[in-house]
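Colleague: Protein chains in written order, with our numbering: chain Y, 1 to 115; chain A, 1 to 112.
By construction, these hints were calculated from the structure, which means they are not laboratory data.
Treat the hints with care, as some may be off.
[What the hints assert, rightly or not] When the alpha-carbon atoms are kept at most 20 Å apart in a straight line, the in silico SDA-like pairs for lysine to any residue are as follows:
1) A:K49 <-> Y:G97
2) A:K99 <-> Y:I26
3) Y:K11 <-> A:G43
4) Y:K44 <-> A:S80
5) A:K107 <-> Y:F65
6) A:K99 <-> Y:V55
7) Y:K44 <-> Y:R64
Read off the chains here:
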Amino acid sequence: EAGVAQSPRYKIIEKRQSVAFWCNPISGHATLYWYQQILGQGPKLLIQFQNNGVVDDSQLPKDRFSAERLKGVDSTLKIQPAKLEDSAVYLCASSLGAHSTDTQYFGPGTRLTVL
Amino acid sequence: AQSVTQLGSHVSVSEGALVLLRCNYSSSVPPYLFWYVQYPNQGLQLLLKYTTGATLVKGINGFEAEFKKSETSFHLTKPSAHMSDAAEYFCAADYNFNKFYFGSGTKLNVKP
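Take these sequences, add in the hints, and give me the full structure.
Modeller: See the structure below:
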């Protein structure tokens, strides 16, 4: 079974530029998550989708971050414009459902450096 | 506020020694609890989880964790460390509908 795929793996941009990350979850997984992991910290949930609907985006900085999952499968996370403090690893995870016993499977992440 | 605390950002043990990584949660209502491991340049991999039932949970790679409600703890242990255990370990709590709160992580170093 293929795991969660993310691209690109690394991205370097200058502040005020835009960037987009892509995630392909495990086939059949209805729930998809985006996390931000700043160096030295644990992952922080940015947004949770159930199929193509948003379940929780309370910690998403909506003035600059946006995410979509139009067909309930792949998802993109965009930052526009980027700030220095956005430098982090962006992790995508998926699970069969949103129940607490549904294991979250994580992708390898996209490491973003904002200069 | 709901949170997870991991004591010790770095832990170093000798190969063959006991591994003990500490995790405490903040809620009076026990959440579901998880331990994940992260190897360099890889995503997080689930080691074990506690939802309900037996408080001693066994996971992969010889790890286990015990849920102690009275101490609001979920410490991770392994009787004998192996070099391949060197990684970063994250404790997470699910307080509501698969919304995780992660601790800040503990890097485990295993000395030969």
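Colleague: Starting from A:K107, check that the Cα of Y:F65 is at most 20 Å away, please.
Modeller: With Cα atoms ~30 Å apart, A:K107 and Y:F65 exceed 20 Å; violated.
Colleague: With a cut-off of 20 Å on the C-alpha distance, tell me whether A:K49 and Y:G97 pass.
Modeller: Holds - the C-alpha atoms of Y:G97 and A:K49 are around 16 Å apart, at most 20 Å.
Colleague: For A:K99 and Y:I26, compute the direct alpha-carbon distance and say whether it is at most 20 Å.
Modeller: Judged against 20 Å, a Cα distance of about 19 Å means the pair holds.
Colleague: Would you check the hint for Y:K11 and A:G43, treating anything up to 20 Å between C-alpha atoms as holding?
Modeller: With a Cα-Cα distance of about 17 Å, the restraint between Y:K11 and A:G43 holds, given a limit of 20 Å.
Colleague: Mind checking the alpha carbons of Y:K44 and A:S80 for me, to see if they're no more than 20 Å apart?
Modeller: violated (31 Å)
Colleague: Does the alpha-carbon distance linking Y:K44 and Y:R64 stay inside the 20 Å limit?
Modeller: Given that 20 Å is the threshold and the Cα spacing comes to 17 Å, the pair holds.
Colleague: Starting from A:K99, check that the Cα of Y:V55 is at most 20 Å away, please.
Modeller: The given pair, whose Cα atoms are some 10 Å apart, holds under the 20 Å limit.
The earlier numbered hints that this structure contradicts are 4, 5.
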